[in-house]
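Given the coordinates of chain D, work out where chains E and A should sit on it, guided by the hints.
Chains as they are written, first to last, in the working numbering: chain D, 1 to 153; chain E, 1 to 153; chain A, 1 to 153.
Check each hint, because a few of them may be wrong.
Note: identical chains are not told apart, hence a pair may lie in one copy or across any two.
Cut-off 20 Å, straight-line C-alpha distance, at most; resulting in silico cross-link-like pairs (EDC-like, lysine to aspartate or glutamate) [what the hints assert, rightly or not]:
1. LYS27 <-> ASP116
2. LYS103 <-> GLU66
3. LYS110 <-> ASP38
4. LYS103 <-> ASP38
5. LYS103 <-> ASP134
6. LYS114 <-> ASP38
7. LYS26 <-> ASP116
8. LYS33 <-> ASP116
9. LYS110 <-> GLU100
10. LYS110 <-> GLU66
Just so you know, the hints here were simulated from the structure itself, not pulled from any lab data.
Because the structure is a prediction, the values reported are computed rather than measured.
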Amino acid sequence: MKIILPLLFISFFTLHGFGQSNQIIKKKFHDGKFNQQDTTAGYAEAILVDNTLYISGWIGRGTIAEQLQEIYTSLGNILKAYGATYQNVVKETLFTTDIEAVKNNNAVRKAFYKGDFPAATWIQITRLFSARPDAQIEVELIAHLPKSITKEK
Amino acid sequence: MKIILPLLFISFFTLHGFGQSNQIIKKKFHDGKFNQQDTTAGYAEAILVDNTLYISGWIGRGTIAEQLQEIYTSLGNILKAYGATYQNVVKETLFTTDIEAVKNNNAVRKAFYKGDFPAATWIQITRLFSARPDAQIEVELIAHLPKSITKEK
Amino acid sequence: MKIILPLLFISFFTLHGFGQSNQIIKKKFHDGKFNQQDTTAGYAEAILVDNTLYISGWIGRGTIAEQLQEIYTSLGNILKAYGATYQNVVKETLFTTDIEAVKNNNAVRKAFYKGDFPAATWIQITRLFSARPDAQIEVELIAHLPKSITKEK
Chain D
1 MKIILPLLFI
11 SFFTLHGFGQ
21 SNQIIKKKFH
31 DGKFNQQDTT
41 AGYAEAILVD
51 NTLYISGWIG
61 RGTIAEQLQE
71 IYTSLGNILK
81 AYGATYQNVV
91 KETLFTTDIE
101 AVKNNNAVRK
111 AFYKGDFPAA
121 TWIQITRLFS
131 ARPDAQIEVE
141 LIAHLPKSIT
151 KEK
Chain E
1 MKIILPLLFI
11 SFFTLHGFGQ
21 SNQIIKKKFH
31 DGKFNQQDTT
41 AGYAEAILVD
51 NTLYISGWIG
61 RGTIAEQLQE
71 IYTSLGNILK
81 AYGATYQNVV
91 KETLFTTDIE
101 AVKNNNAVRK
111 AFYKGDFPAA
121 TWIQITRLFS
131 ARPDAQIEVE
141 LIAHLPKSIT
151 KEK
Chain A
1 MKIILPLLFI
11 SFFTLHGFGQ
21 SNQIIKKKFH
31 DGKFNQQDTT
41 AGYAEAILVD
51 NTLYISGWIG
61 RGTIAEQLQE
71 IYTSLGNILK
81 AYGATYQNVV
91 KETLFTTDIE
101 AVKNNNAVRK
111 AFYKGDFPAA
121 TWIQITRLFS
131 ARPDAQIEVE
141 LIAHLPKSIT
151 KEK
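Chain D on its own, in the form it takes in the complex:
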């Protein structure tokens, strides 16, 4: 109690009393490195906040099967950087300009989940951010880390 009361007092003034903001701790990942982002397009490939990991939409190159292989490999590498795997993915949103083609190549995607699948929504849209003609699929993920792990860090 002798320790806690002064701490609450300090907290009150630093957070509210002197107009400081309610900033959060974000662990960004971009281009293979932590604490990086793309300042040209203005985004980070992934951000961990608390124990929730938000991963930006990712595209690939080549045929539909090759795009899926590249997308899920890249997303898997981001998960790995945070100490996670596809087991940690809870929501997948897939945007594509050709949903029937993606359905026909779903086996490529499914292999990455190793039989443990997330909640998912797949939508056919008009165009992705990339103007490349072989940018036909974009996949974004939400993953969770164990709370115990994120508290230790």
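For chains E and A alone, coordinates are given in the frame of chain D:
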């Protein structure tokens, strides 16, 4: 203190020391049952992680009004399975091939929320996952459960 | 221990024993005020649950640059109402009917983030909720507040 230090020591080795993964506890729901998923399409209708519930995009059959009725009835049943109601829904994303028709039938949807509405985004897109001609609407939800409840479980 | 055991007993009966629901505490914001929502369309501009803030898709008026300016100004005002800034934004989803035009005007958007960017996905779609011809961009956000702050409230 005598108890906590050894626990931290054990935690260090189980979580990091022996290469174990940071797996999370997921409570999946699919086709009316917990711990189920669709291994053909590769998804689960819903996943609870911590106290956040991610529900996959859901479609219906028939007219626009009938599709909305079926979708929100089905989503309500999923919520109910987790002990939740539409009061727990914090974010709704609605994808449709005919947004004006959905707006004209919004009363069907609104009845389910009983006057307590979520944050929402509605988007008109080109095509849904289902190739059925009457698959014109797909709705996905994020719901939260009370933290106290999820801790008790 | 003398205090905790009876509390657990009460909790058991209030939460499970008498059929009460697992309702959550939501802090809604709409049209410049807390505890408001739009009962016509059936949504709230923003909902805070635990320390996660879900902000509904937002549109603007005028040219693409003017729409972006209005959208991010409005979203910034919502963040401010909750004591947050763009620093708290962890995920941005941008839907537009003209993604190349948005890319060409990205500088307008980027200025709001002040060099600290979120995870983001941009998608070109067919039509937004609004039927206005100058409703070409809709942006939704997920922001997090510090856990310590939300506990104090």
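Status of each hint after checking the structure:
With identical chains, the CA atoms of LYS27 and ASP116 are at most 20 Å apart between copies only, with a shortest distance of 12 Å across copies and 26 Å within one. In this assembly of identical chains, LYS103 and GLU66 lie within 20 Å of each other by CA distance solely inside one copy; the values are 14 Å within and 26 Å between copies. For the homomeric pair LYS110 and ASP38, the shortest alpha-carbon distance between copies (11 Å) is at most 20 Å, but the shortest distance inside one copy (29 Å) is not. In this assembly of identical chains, LYS103 and ASP38 lie within 20 Å of each other by CA distance solely across copies; the values are 14 Å between and 31 Å within a copy.
Proximity of LYS103 and ASP134 under a CA criterion of 20 Å is satisfied in both settings, with 17 Å inside one chain copy and 19 Å between copies. Within a single copy, LYS114 and ASP38 get their C-alpha atoms only as close as 31 Å, which misses the 20 Å cut-off; across copies the closest is 13 Å, which meets it. Proximity of LYS26 to ASP116 under the C-alpha cut-off of 20 Å is restricted to the inter-copy arrangement: shortest distance 10 Å between copies versus 28 Å within a copy. Taking CA atoms no more than 20 Å apart as the test, LYS33 paired with ASP116 passes between copies only; the shortest distance there is 16 Å, against 27 Å inside one copy.
For the identical chains of this complex, LYS110 and GLU100 are intra-copy neighbours only, at 16 Å inside a copy versus 32 Å across copies, given an alpha-carbon limit of 20 Å. In this assembly of identical chains, LYS110 and GLU66 lie within 20 Å of each other by CA distance solely inside one copy; the values are 14 Å within and 32 Å between copies.
Hint compliance for this structure: no hint is broken.
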